[in-house]
Amino acid sequence: MTALLTASNLVKEFPVRGGMLGEKRLLTAVAGIDLELHPGETLGLAGESGCGKSTVARLLTGLIPASQGEIRYAGSELSGMDREQTALFRKDVQMIFQDPFSSLNPRMRVSEIIAEPLAIHRIGTPGERRERVAALMERVGLSAQQLSRFPHEFSGGQRQRIGIARALAVSPRLIIADEPVSALDLSIQAQIINLLQEVKRELGLSFLFITHDLSVLRHLSDRVAIMYLGRIVETGSREQALDAPLHPYTEALLSAIPSIDPEKRKRRVIAKGELPSPLSPPTGCPFHPRCPYAREICAKERPELSEKEPGHSAACHFSAEIYRNDASHRSP
Amino acid sequence: MSSLMEIKGLSTEFPLADGVLKAVRGVDLSLETGETLALVGESGCGKSITAASIMRLVPPPGRIVSGSILFKGQDLLGLSSEEMRQIRGNRIGMIFQDPMTSLNPVYTIGNQVAEGLRIHRGLSAAQAEDEAVAILEQVGIPAPRERLRDYPHLLSGGMRQRVMIAMALSCRPELVIADEPTTALDVTIQAQILELLDRLKTENRMGLILITHNLGIVAERAHRTAIMYAGQIVEQAPTAELFANPLHPYTRGLLASLPEFAKPGERLATIAGGVPDLKGELAGCPFRARCPIGDQGCESGHIEMHEAAAGHLVRCLKAQ
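Those sequence lines, one after another, are chains A and B.
Per my numbering, the first sequence starts with residue 13, numbered consecutively.
Per my numbering, the second sequence starts with residue 85, numbered consecutively.
Excised from the complex, chain A in its bound form (with noise of 0.2 Å):
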């Protein structure tokens, strides 16, 4: 199957002023990616704050240019698209954001939210778009009736549920949720995940989404790929990686929530430390100094992301360790 997306030595770097003098320094945000996305799939990329995961996704929206690399979608590469296929590209692609407090403009009835990605791509004449805006709103479990409102009159997971409405007025082939549930009450985000699922399924669309939240992640995501200091560290499908992860990362981020159910508080792996600063990331592996795992070669030697097993990814030294240390706490 070909795939729909896919990003090929992805580098983004910032310019950034740091230090006493105020000297120019380049901050690394996304360090070398590849990502691969077909059709119909959820890929769920998770990472704790200052990963690169949101840089990311504005790289592969064309929100941002790359520094280095490539991103091609339906087989051509972005910078070198013409106009009808940047067109294409900025219709099929379409984003959900965090906030749904502030990615909505207060001025703008939620009519107007809904109906402007279809203004922009001179989809439908306006009775068309009007009765294409009334489904919407009823299809993400809104009524029509509230469609001359301002988005300050909705709660949070209603808001929520216009970005949504925004997102799919175009009929997009992939959407790109930036922890769309995050902020969201537990029981709103139940809601919200429900309805993602049923647009989904329902259109056949294809998902990259990005979350903190690894139980969010298990659910939603048929691959995952997990992130630290700008590179992916694993990545296999949602069993593989969480499951029987490989990358001691991976293996400290599933030990650390806290899990209501007493079987699953299993040995923590606590990570030691904090997140280095992507201005002056760790030599060698980024996650040596926080590993729990780590020797002499973690400090001197970066791990290349390689596959261990069929589909299955991890960049470290010693993966075999870890599956082996894994599979014995999880024997019955």
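Take every hint as true, because none was put in to throw you off.
Computed from the model, here is a short list of chain A residues facing chain B with C-beta under 8 Å:
no., residue
1, S167
2, D197
3, L198
4, A202
5, I205
6, N206
7, Q209
8, S227
9, V228
10, P270
11, S271
12, I282
Label pairs and their calculated CB-CB ranges:
no., chain 1, residue 1, chain 2, residue 2, range
13, B, R205, A, G285, 29 to 39 Å
14, B, R175, A, P77, 55 to 65 Å
15, A, F113, B, V149, 26 to 36 Å
16, B, G93, A, R29, 52 to 62 Å
17, A, A99, B, P376, 43 to 53 Å
18, B, D361, A, F113, 16 to 26 Å
19, B, A210, A, P294, 30 to 40 Å
20, A, I309, B, N188, 38 to 48 Å
21, A, R161, B, K363, 15 to 25 Å
Read the hints as simulated data drawn from the structure, not as lab findings.
From the three backbone atoms N, C-alpha and C, an ideal C-beta is built for every residue, glycine too.
On the provided structure of chain A, position chain B as indicated by the hints.
Only chain B this time, still in chain A's reference frame:
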């Protein structure tokens, strides 16, 4: 033995232009020395206002309208502002969610940690500085003496939260109230901070009121748990009992909605609708409109808390 803290009938209101917002509606809670009590609920349920009421720091125009808060037998609501200042930050410490907004950006770390020591423990500037170094070390801040001269913005979120904990614990309080202490932090840092809080609590034999919306944290850290909805405690039990045998339909709904309990991709259980408007009186059960088991009997009168099993209290007519 009397409790460390005993709250009875606490009600806090906010008079607004379009009515009185009754944020806390008759809360009863108790806490023993060395115990961790979790107060759980979604945004707007009144959990943070309950905490602010205990500290007598309700933001205006809010006011406490009734109830009592006995701290080692002494009613905090009967104290003068000056007497309350002697307790706040000294015998009761507080940790807030966002250390960036609760630390003062224009004072150094050393200044802020030492302030309480000088005011409440009467230490000299030099003694307070040494003590501040010791406390910062205790909460795991590397090179603490150098950090004294840093300003909060120079520290990471996790380090700032450690400073907050150091400040809250500097006067060896008997009770600490932590309002979403790890919500702003990454999960690996969250695990470190929760471990730290647990260790310090045990070492100093404090009581801890942990306010959170994260049920996983509750399950792992709290001895007892109280679930709050629309300004009331709707269920309270020893934590293991609560998770094994939730009785209130709201508690059941919250637990069922967790992705952790669903098969991947499966539809999650949801609670229909949203929270009621907290302005004015609510007749009957405030959860009635969203409840899968309620009936007409739930629509009027005041629903009392009853003891369904030993130590397991629930405010529901249908829960047995």
